[in-house]
Amino acid sequence: MANTNSNTTPVYESPLAHIDTNVSHAAWKVHEAKDMGYVVVRGNLDNAPFATAIHKLCGSGLPERMQFTHADDGRMLVWVSPDEFLHILPLEKKDQFIKDATEALDDIFSAIVDNSGAYVKLAVSGKHHIDVLHKSAYYNLKADKFKIGSVYSTHLAKAPAILLREDEQSISLLVRFSFADYIWRLLSAGAKEYI
Amino acid sequence: MATLKNTARRLNSSSSAVVNFNTSVDFTFEGKRYQGLEGDSLASALIANGVKVFGNSYKYGRPRGVTSSYAEEPNALISLESGGHLTPNAKATQIELYDNLKAKSPTAGKGFFGRIKPLMKPFQRFLPAGFYYKTFMYPASLWMTYEKILRGMAGISESPTHKDLESYDHMHQHCDILVVGGGVAGLQAALTAAEQGKEVLLVDERPILGGLAYEYHNDTVETKPVLEWVKAAIRNLEAKDNVTILKRTTAFSFHDNNNLQAVELCQDHLPLKKRNQNTVRQRLHKIKATDVVLATGAIERPIAFHNNDLPGVMLASAVSSLINRFAVLPGQKLTVFTNNDAGICTALDAAHAGASVILVDVRKQHTDEQRQQLADAEVTVMLSTAVRTAHGKKSLTSVTLQNVNVLNDGSWKLKEGTDRDLSCDILAVSGGWSPVVHLDCHTGSKPFWSDDIHAFMPALQKSHRSAAGALIGEYSAERAAISGVQAISHLKNATQPDLLSLDNMLNTQAIYRVPTEEGENKLFIDLQNDVTNADIELAIRENYRNIEHVKRYTALGFGTDQGKTGNVLGAAITAEIQGLPMSQVGTTTFRPAYTPVAFGALAGQHVFSLFDPERYTPMHQSHIKNGAKFEEVGQWMRPWYFPRGTEDLHTAVNRESLDVRKTVGIMDASTLGKIDIQGPDAREFLNRVYTNSWTKLAPGNCRYGLMLDENGMISDDGVTACINDNHFVMTTTTGGAASVYQWLELWLQTEWPELKVYLTSVTDHWSTTALVGPDSRKLIEKMCDDVDFSADAFPFMAWREGTVLGVPARIMRISFSGELAFEINVQANYGRYIWDNAMSLGKEFDITPYGTETMHVLRAEKGYIIVGQDTDGSVSPIDANMSWIVANKKPFSFLGKRSLSRSDTTKEGRKQLVGLFTQDATTILPEGCQLINAEGETAMLGHVTSSYYSPIMGRPIAMAVVKGGLNRMGESIVACTREGKNIPVEITSSVFYDPKGERKDG
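If you're matching them up, the sequences are chains A and B in order.
Using this note's numbering, the first residue of the first sequence is number 1, and each one after it goes up by one.
Using this note's numbering, the first residue of the second sequence is number 1, and each one after it goes up by one.
So here's chain A without its partners, still in its complex pose (with noise of 0.2 Å):
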């Protein structure tokens, strides 16, 4: 074996990282939540080991069709379909996670698949935040409809896109890496008229 460069220290950088995703107006803030892990969980609720290890794994209850849940931590995991789940949470414990979940889930018919790199977590607010993602989002967002706790995955205009309602002031947009780009030009033409 050859001598390596190791005098690099390793750089993670997010999709949007060419572009200033500072943006704080009172009618339109964005802020990109950095350094989170995304762990997609596949499995059969109905199969009580499978249940009972991924609960006690994510530290909170198994959401309902279109929800979410938080544990203690703030880590979440969000229903995606009946047999697939997304667990967020910090990046520096994803590969304990995915660890200590194989270990849990050998016998059990399960996938978890890291899929950290797949996305880009925004959280938008603002006076006019609605209004933005109206424009090019098919669901009804406003407050009491998408109520706290619930997510559409759904499509911003032509692009894919899971909406999470964490509280009433935001809305968090999980973009797939590939799109954060056109995702973001769309936005901001959208936000252009209020800022």
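There's no promise every hint is true.
Said to hold, decoys possible - Pairs of lysine-lysine, DSS-like flavour, derived with a Cα cap of 25 Å:
id, chain 1, residue 1, chain 2, residue 2
1, A, K56, A, K94
2, B, K198, A, K147
3, B, K393, A, K158
4, A, K145, B, K492
5, A, K142, B, K286
6, B, K625, A, K127
7, B, K32, B, K393
8, A, K121, A, K34
9, A, K192, B, K273
10, B, K782, B, K625
11, A, K145, B, K198
12, A, K192, B, K163
13, B, K996, B, K778
Stated by the list, open to error - To be clear about the criterion: a stretch of chain A counts as covered by chain B if any three or more of its residues have a C-beta under 8 Å from a C-beta of chain B, and this derived list gives those stretches:
id, segment
14, 14–21
15, 122–136
16, 153–162
17, 170–178
18, 184–191
What the hints assert, rightly or not - If we take Cβ atoms under 10 Å as the criterion, some of the chain A residues that face chain B in the derived model are:
id, residue
19, D35
20, Y38
21, V40
22, R42
23, G43
24, E84
25, S110
26, A111
27, N115
28, K142
29, I195
Calculated from the structure, these hints are not laboratory results.
Positions of the beta carbon are idealized from the N, C-alpha and C atoms, including for glycine.
Let chain A serve as the given structure and place chain B on it in line with the hints.
Frame of chain A, contents of chain B only:
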């Protein structure tokens, strides 16, 4: 256009006017400067300035003026502004006046053919409906020439040719109750719903809510003057948090499940210089409503008589609108011709505004109250009288009246010998009212004819939909308001209003056309398309009897107004001629859009770079920095080539190709689809979806797989790595990622639910940096020290887990070039870091970044196929000379297997993948060019699928599918280019370079 003797005047004041008497607005029409008032429409401002003629008619070039009050206008079409702000065929009645507005008449006889059209008057009798169809059929080759001339003569607005300088967007709206129409009924419905706590969206096409309350302001609601009631209702609605009001917003289409589209004119009313560049000109609202109340009102219709198209002949509602809404008295000597009570309102309006008014009413009598009102206003009344013809050259100067006999059964006729002329400058006509049933019909409902109110009524057959106001025949403000309340309770109770027992509130006497004397044949039914009474008669004589056929024969109801004023007349005349009841004739089909919608609004924000998503890899910014030229592959922006200096594509690709084969190249392969496959049946699943066997692939190894469709034809390919016995990662083609994922899920969920397998798309998670070339091992050894990269320890088609520059990675030793190659897969967030450092560390090996074009050359030199380029859905693995990958002995079948033994799939002479060398060794064959046996023959043998210049071989190479090609090695055939050039080629193996595969180990 012609400004004739100005008999119009601006009124000094008006309690109902929406214009601001203190603010004047400058504008130009046909290059001439005018002044109007703030709040004017272009039509009202021009009429106040004495402009009567707005253009010439479509077919006959007859002068035409304003006919109606709003969206139903057939005549007064305008080219508004120019260049990047041009709006073609806007209606003068709908254009809100703004400072420095510039308008032209597109129908004013522009160009040579437009100018000669009026001169053809003597020949117009030879131009009946169907003239063009019959005359210009032959020779067919000349149609394009005819079309140019006829198009020039028609004289509608030119199409915009400049880039639109304004922007548009879409907005999704959600509400409990959508109310369409902001007249009294709509306002009341919105109020009622809002007070019940519903989330209400109210849309109205006009800039000011109230519907026709301004026109008929003497009406009352709850004993209040209607305008007072309207203003209070608006204040009330605006104060409610659960109500959204969109003015200048036309609901133009109604789709199933209460999905509607409405276009909001956000800035069309503002001077060009005052428009905000940060917001849109128009916005398309996509509305999803739980319930819908249609309160779209009704449109007045004319009565047909000879010369009823003369400027100065208007609908009575248009005259009322001019007087009451815009404070413009359009003439001094005004005749009202009516068959219903609405005409009386207009006569009173005009008289109170100071005009000399004569009311011509076909009916026998008025009520005592009406008689008194008319007498008080000094209106001369002529009952049982009709206008038989209008006179004037450029505009109306007089009319001929004739007494009528109306019989008890409703039929009527003119009394002979009673005709006399009457001087007038405006003729206001009211032939009854037609409810705006359009939206209700968009979802398939057919309107029905009511003999009670002489109008087509909405069927209201769909659930979660109700209606109110004039749309359901409730014409008075009082009754409209009541119907607004009822509409909400009907929604709540899932009931509908009783439309079969309506009063004839306006006391309409059904007459549609006035009989003519000899030579009086210009009874216009559809003013925009110059469709006359005679045209409809001709259509029926020629056996076009169905109203849809009458429409298409005559053009009745075509154009930008879609026959809003003329369609009912056309149907009535069709009924009269054939002796049919109106209910049997029916209407033509109402389709979206209710009024024209700009293409810009339909496109919204989805234009230019937002037209389609551009997907970027993690290394995209580095590629830009390295000067990459990009090509779009399945939405991904992939580096095409990396030119240095002034290099063109071919020079760059030649350099890149040689560098890869001689030292090391680097390529971004992140775009390949990646599917994580987990579960105890993962191997079995792979066995079923791929042609080859996956039973024995050990962890740490990779295998190439070929996927077939049900017909046994190649649909995708890629390399799959075995992570462990229950875990694999499949790669797909870049463009096929989504469809392959869906294909696999389809089989898994519908046909093989017994298989315990989970699929997860991980395309975005991984970035892939491919190091390719003889020096790639040296380079990766500089990047990773926890993996043994020797050929023995890390053989071809193996993968290893390691740490590359501090980042956990899966490294695959696979190759799409035939060279030694390592693909470094890391989490996407580290992709750029790995790429940039590989570029830096690779400098000592003269590393070369390369793009898709070089990748294509390298793979073609090795004869590797690209699915979708060398295959087209009709190529089996056997056709592709890839029988080696078909494992027929697998215990369970694989997708497409059965089709491989079908007679057509196994027959002799199928097109097979081969290589081609041009015999001159210099000509690069065009991809797609056809192959024949010999010059002069026409039977096609196949076509060229891939063709490149191979720098390493110093000559062009090509891949092609040729009938029976695998048995014709060494034979000469001919390639035919589109330009007709014949190029001799030799059939050869499709593996051009390193046929023994000796280079893959470096």
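Tested hints:
1. With a C-alpha separation of about 15 Å, the suggested pairing of K56 (chain A) with K94 (chain A) holds against the 25 Å cut-off.
2. For a cut-off of 25 Å, the pair hint linking K198 (chain B) to K147 (chain A) stands: about 18 Å separates their Cα positions.
3. The straight-line distance between the Cα atoms of K393 (chain B) and K158 (chain A) is roughly 57 Å, outside the 25 Å bound, and the hint therefore fails.
4. Restraint check: the Cα-Cα separation between K145 (chain A) and K492 (chain B) comes to about 21 Å, which is no more than 25 Å; the hinted pair holds.
5. With a C-alpha separation of about 16 Å, the suggested pair K142 (chain A) and K286 (chain B) falls inside the 25 Å cut-off, and the hint holds.
6. Distance check on the hinted pair: K625 (chain B) and K127 (chain A) sit about 37 Å apart at the alpha-carbon level, beyond 25 Å; violated.
7. About 23 Å separates the Cα atoms of K32 (chain B) and K393 (chain B), which keeps this hinted pair within 25 Å; it holds.
8. Taking the CA atoms of K121 (chain A) and K34 (chain A), the gap is about 7 Å. The hint holds against a cut of 25 Å.
9. Between K192 (chain A) and K273 (chain B) the CA atoms are separated by roughly 19 Å; this keeps the pair inside 25 Å, and the hint holds.
10. The hinted pair formed by K782 (chain B) and K625 (chain B) meets the criterion: a straight-line CA distance of about 24 Å does not exceed 25 Å.
11. Simply put, K145 (chain A) and K198 (chain B) have alpha-carbon atoms about 13 Å apart, close enough for the 25 Å limit, and the pair holds.
12. Pair hint K192 (chain A) plus K163 (chain B) holds up; C-alpha atoms about 21 Å apart against a cutoff of 25 Å.
13. A threshold of 25 Å between alpha carbons decides the hint, and for K996 (chain B) with K778 (chain B) the separation of about 23 Å falls inside it, so the pair holds.
14. For the segment 14–21 of chain A, the proposed coverage by chain B is satisfied: 4 residues have a C-beta within less than 8 Å of a C-beta in that chain, meeting the threshold of three.
15. Residues of the segment 122–136 of chain A with a Cβ under 8 Å from some Cβ of chain B number 4, which satisfies the need for three, so the listed coverage holds.
16. Coverage of a stretch by a chain is defined here by at least three residues with a beta carbon nearer than 8 Å to that chain's beta carbons; for the segment 153–162 of chain A and chain B the count is 3, and the condition holds.
17. For the segment 170–178 of chain A, the stated coverage by chain B holds: 3 residues have a C-beta nearer than 8 Å to a C-beta of that chain, and at least 3 were required.
18. Here the segment 184–191 of chain A counts 4 residues with a CB under 8 Å from a CB of chain B, which clears the bar of 3, and the coverage holds.
19. This hint holds: D35 (chain A) has a C-beta 9 Å from the nearest C-beta of chain B, less than the 10 Å allowed.
20. Interface restraint check: Y38 (chain A) against chain B, minimum CB-CB distance 8 Å, threshold 10 Å, status holds.
21. The closest approach between the C-beta of V40 (chain A) and any C-beta of chain B is roughly 5 Å, which is under the 10 Å cut-off, so the hint is satisfied.
22. The interface hint given for R42 (chain A) is met, as the beta carbon of that residue sits about 4 Å from the closest beta carbon of chain B, less than 10 Å.
23. A least Cβ separation of about 8 Å between G43 (chain A) and chain B falls short of the 10 Å threshold, and the interface hint therefore holds.
24. With its C-beta approaching chain B no nearer than about 8 Å, E84 (chain A) sits inside the 10 Å limit, and its interface hint holds.
25. Against a cut-off of 10 Å between C-beta atoms, the interface hint on S110 (chain A) holds, since the closest Cβ of chain B lies about 7 Å away.
26. Interface restraint check: A111 (chain A) against chain B, minimum CB-CB distance 4 Å, threshold 10 Å, status holds.
27. Because the smallest distance between the Cβ of N115 (chain A) and any Cβ of chain B comes to about 5 Å, under 10 Å, the interface hint for this residue holds.
28. The beta carbon of K142 (chain A) is positioned within 10 Å of a beta carbon in chain B (closest approach about 7 Å), and the interface hint is therefore held.
29. The restraint placing I195 (chain A) at the interface with chain B holds, with a minimum CB-CB distance near 8 Å, inside the 10 Å limit.
In summary, the structure is inconsistent with hints 3, 6 from the numbered list given earlier, while agreeing with the others.
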